[in-house]
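Number of protein chains: 4
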Amino acid sequence: MIKATPFDYPYDGRLDPRSTALVVIDLQEDFLSPTGYFARQGYDPSPLRAILPTVNQLIDAARAVGIRIIHTRQGYRGDMADMTPYEKWRRSRAGLDGTQVLLRSGPGFEIVSDIEVRPEDIIVDKTCNGAFTYTDFEHVLRAQGITHLLFSGCTTDVCVHTTLREACDRNFQCLTISDACASGDQRAHEAALHMVTVENGIFGALTNSAAVLAGLAKLPRAGA
Amino acid sequence: MIKATPFDYPYDGRLDPRSTALVVIDLQEDFLSPTGYFARQGYDPSPLRAILPTVNQLIDAARAVGIRIIHTRQGYRGDMADMTPYEKWRRSRAGLDGTQVLLRSGPGFEIVSDIEVRPEDIIVDKTCNGAFTYTDFEHVLRAQGITHLLFSGCTTDVCVHTTLREACDRNFQCLTISDACASGDQRAHEAALHMVTVENGIFGALTNSAAVLAGLAKLPRAGA
Amino acid sequence: MIKATPFDYPYDGRLDPRSTALVVIDLQEDFLSPTGYFARQGYDPSPLRAILPTVNQLIDAARAVGIRIIHTRQGYRGDMADMTPYEKWRRSRAGLDGTQVLLRSGPGFEIVSDIEVRPEDIIVDKTCNGAFTYTDFEHVLRAQGITHLLFSGCTTDVCVHTTLREACDRNFQCLTISDACASGDQRAHEAALHMVTVENGIFGALTNSAAVLAGLAKLPRAGA
Amino acid sequence: MIKATPFDYPYDGRLDPRSTALVVIDLQEDFLSPTGYFARQGYDPSPLRAILPTVNQLIDAARAVGIRIIHTRQGYRGDMADMTPYEKWRRSRAGLDGTQVLLRSGPGFEIVSDIEVRPEDIIVDKTCNGAFTYTDFEHVLRAQGITHLLFSGCTTDVCVHTTLREACDRNFQCLTISDACASGDQRAHEAALHMVTVENGIFGALTNSAAVLAGLAKLPRAGA
Chain D
1 MIKATPFDYP YDGRLDPRST ALVVIDLQED FLSPTGYFAR QGYDPSPLRA ILPTVNQLID
61 AARAVGIRII HTRQGYRGDM ADMTPYEKWR RSRAGLDGTQ VLLRSGPGFE IVSDIEVRPE
121 DIIVDKTCNG AFTYTDFEHV LRAQGITHLL FSGCTTDVCV HTTLREACDR NFQCLTISDA
181 CASGDQRAHE AALHMVTVEN GIFGALTNSA AVLAGLAKLP RAGA
Chain R
225 MIKATPFDYP YDGRLDPRST ALVVIDLQED FLSPTGYFAR QGYDPSPLRA ILPTVNQLID
285 AARAVGIRII HTRQGYRGDM ADMTPYEKWR RSRAGLDGTQ VLLRSGPGFE IVSDIEVRPE
345 DIIVDKTCNG AFTYTDFEHV LRAQGITHLL FSGCTTDVCV HTTLREACDR NFQCLTISDA
405 CASGDQRAHE AALHMVTVEN GIFGALTNSA AVLAGLAKLP RAGA
Chain V
449 MIKATPFDYP YDGRLDPRST ALVVIDLQED FLSPTGYFAR QGYDPSPLRA ILPTVNQLID
509 AARAVGIRII HTRQGYRGDM ADMTPYEKWR RSRAGLDGTQ VLLRSGPGFE IVSDIEVRPE
569 DIIVDKTCNG AFTYTDFEHV LRAQGITHLL FSGCTTDVCV HTTLREACDR NFQCLTISDA
629 CASGDQRAHE AALHMVTVEN GIFGALTNSA AVLAGLAKLP RAGA
Chain B
673 MIKATPFDYP YDGRLDPRST ALVVIDLQED FLSPTGYFAR QGYDPSPLRA ILPTVNQLID
733 AARAVGIRII HTRQGYRGDM ADMTPYEKWR RSRAGLDGTQ VLLRSGPGFE IVSDIEVRPE
793 DIIVDKTCNG AFTYTDFEHV LRAQGITHLL FSGCTTDVCV HTTLREACDR NFQCLTISDA
853 CASGDQRAHE AALHMVTVEN GIFGALTNSA AVLAGLAKLP RAGA
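Residue numbers (this note's numbering), protein chains in the order written: chain D, 1 to 224; chain R, 225 to 448; chain V, 449 to 672; chain B, 673 to 896.
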């Protein structure tokens, strides 16, 4: 059980590591690097970098009890076959023509080296903001029997929130970890966290990393 | 062409009524009535009622140029066959046991009489916040050749925003009309509008009803 | 456990009525009536009518042990908003212009009166051949915790097989009941049944109604 | 226009290479090699190898007029994260434990060298039989404005037919090329082709490679 608002998580008190995943959204060079997509759009990536130690603590604690880690990566196909004329227009407008920014073939697609991706982790590559759309994310979750998702990553207001909303609509039990999510737009970040709690938890429950760590510490260690 | 931010809509200047729909999200008794679901949750529905004249103006202007009107309605099956134990727990916690609130079989499911639903309008019933999930919404849009969506309705931060995000991920051209959307939570409403514009229009363009009316007024009248 | 080929069903021997549904595909007037869509296409609906007693036996046996009955119905929206120009062309070519055939607003949409639809049954309306596409079928199944599907209905080669294939790809455990399915095209019917078993059960297991009835008879009666 | 049955393709006579793709399903080592998955299941892969010259002729003719080539590949994730206990049981039963058969990490996942995959081709990797399920196939098609699909590959009765059915339900205009598809089960192959034509073209139109080549020869050559 993890202390959270507007209700503790999960609602029925049954936290089973085998049916739970820690979802780490888009902690890629393109968003966190000072020369990546996000910085080129005029955003300061330092709030995104600031959550890395917290995300790593969560990853370690999750692994210790046998919770699966799922990383998502955002990027278009290298040949842009999945890009519409509109998206090409936006790309051009952002001054990205001729670059490898936001392409799977570019270095910005990689998860930052600060995050340890292990062979047993699951990586889901996506083109959309939502990780459920046009990917095998739901397929993998159902195959693994994963029904509970803990959300971290960036950005809170865009890819985290779209994926969170998709997960709720598909009836996954969702917990958003406030200080393990970040955005380049502080107002949007805070509002996105607030939105989780409207209508008494329309998008599940909200908590912070300390509460998650405390909750996981009560579980038996995996393999012990 | 409709004046909007961060870019005018649509981006290529080609506004074709035949491929455009005005989406009116969830203007139902359950959200707008003083005795409906939303009011029972402690929200003041008056900001939702306040947009009705604006939405009606938009509907009239859209009809005049041949833009299709699509209404969505939120509600569970009358027998709750589409409701999980978690949702039943939330329902009970909200004091809704034994009521018809948020059920398709109840009076709250109806679109408020202030909005004129015509036989040629399209109605999409949904259980999720997102109108694309587990419905024929996308099927109807593709069959009709509709690629451009103008968003209105409630609530801005929940069902409008989830549907908007789904539409963007499916490459529909999206325009959110600020004063034709509303929420019971003013901060969430304003933040949801702000989010549309982050990353130079991550969820398309944002405008107000005056700009839409001005833009539509330049189009030839349907059947003229 | 139900005797089946190429392996008994379910594969792990755990047949739990609460997670099982009997799916009855499209037993509607439009397919079974001598004046419905199917007959107008030149097909003899008598093989479809011939399975009704068997389907009813299965429905009774399923209900007795607490297995949920899910009926699907095929039909376009009454205003044809979900119909493409191509489908309108096919409709016209089939001589159906001006009729209510295959429309949800027409009498052919109804499930034949030979099949008893009870209030606790679930009905899924679809436009596609596959019941999972653009409907809430999967949503309802997941919400109910239903993971095992027994297939009956018509036609074996079109709507039953498309839905069966969709179910397999979504990892539902599927059993096709040969004599509870029918088609107007005997060769296609038989081949569709054969296809279930290729690659050692690519679409799950195949059996007949006698084996299902024998298997269900071994389960405790619901409410007993 | 391509001569086909039960109607010529496309139905409206407008064959536009820019909105057409030749889909080549699963021509991988695992299906065609004498030591691959298919051969290990007891099937003779020679009918599958026999279509390779025909598929290559079609690919050349399609390229010459500017029709895009889309290859699909079937395979599980190397770590089997997308595999259910049931699929692992089937895998074990087929004697595949400890092998790389049907895994994306294995050599059988590769498209056979007889087929020339060019950098401008699109490759869609899938776990399901249907290429639309849990992949970005539809996303790419919509982004490219592709609405017309010509089907080839293997096996006719399983992956070709499931993908064809999904495509029809999503309103793509579909043409199945009989002698460019193959299966290890001749009866299932022939029946699958027959099924395309039931109900006057329930799964679109059926033709052979000669008719496709004749139809494409009438189009202007790309870049000419």
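Source of the hints: derived by calculation from the structure; they are not laboratory data. Watch out, some of these pointers could steer you wrong.
Unchecked claim - Once the Cα atoms are required to be at most 30 Å apart in a straight line, the calculated DSS-like pairs of lysine-lysine come out as:
(1) K675(B) - K536(V)
(2) K3(D) - K312(R)
(3) K666(V) - K760(B)
(4) K760(B) - K451(V)
(5) K3(D) - K218(D)
(6) K666(V) - K451(V)
(7) K890(B) - K675(B)
(8) K312(R) - K218(D)
(9) K88(D) - K442(R)
(10) K227(R) - K88(D)
(11) K227(R) - K442(R)
(12) K890(B) - K536(V)
As the list claims (entries may be wrong) - Per label pair, the in silico range of CB-to-CB distance:
(13) G223(D) - R635(V): 31 to 37 Å
(14) S764(B) - Q100(D): 41 to 47 Å
(15) E87(D) - E414(R): 24 to 30 Å
(16) S329(R) - Q100(D): 52 to 58 Å
(17) S494(V) - P757(B): 38 to 44 Å
Unchecked claim - To spell it out: a stretch of chain V is covered by chain R in this simulated footprint if at least three of its residues, at any positions, have a beta carbon under 8 Å from a beta carbon of chain R; those stretches are:
(18) 449-462
(19) 571-583
Fair warning: this is a prediction, and the values are worked out from it, not measured in the lab. By construction, the Cβ of each residue, glycine as well, lies at the ideal position given by its N, Cα and C atoms.
Now the hints, each set against the structure:
no. : hint                          : in the structure
1   : K675(B) - K536(V)             : holds (21 Å)
2   : K3(D) - K312(R)               : holds (21 Å)
3   : K666(V) - K760(B)             : holds (28 Å)
4   : K760(B) - K451(V)             : holds (21 Å)
5   : K3(D) - K218(D)               : holds (12 Å)
6   : K666(V) - K451(V)             : holds (12 Å)
7   : K890(B) - K675(B)             : holds (12 Å)
8   : K312(R) - K218(D)             : holds (28 Å)
9   : K88(D) - K442(R)              : holds (28 Å)
10  : K227(R) - K88(D)              : holds (21 Å)
11  : K227(R) - K442(R)             : holds (12 Å)
12  : K890(B) - K536(V)             : holds (28 Å)
13  : G223(D) - R635(V): 31 to 37 Å : violated (56 Å)
14  : S764(B) - Q100(D): 41 to 47 Å : holds (43 Å)
15  : E87(D) - E414(R): 24 to 30 Å  : holds (27 Å)
16  : S329(R) - Q100(D): 52 to 58 Å : holds (54 Å)
17  : S494(V) - P757(B): 38 to 44 Å : holds (42 Å)
18  : 449-462                       : violated (count 0)
19  : 571-583                       : holds (count 5)
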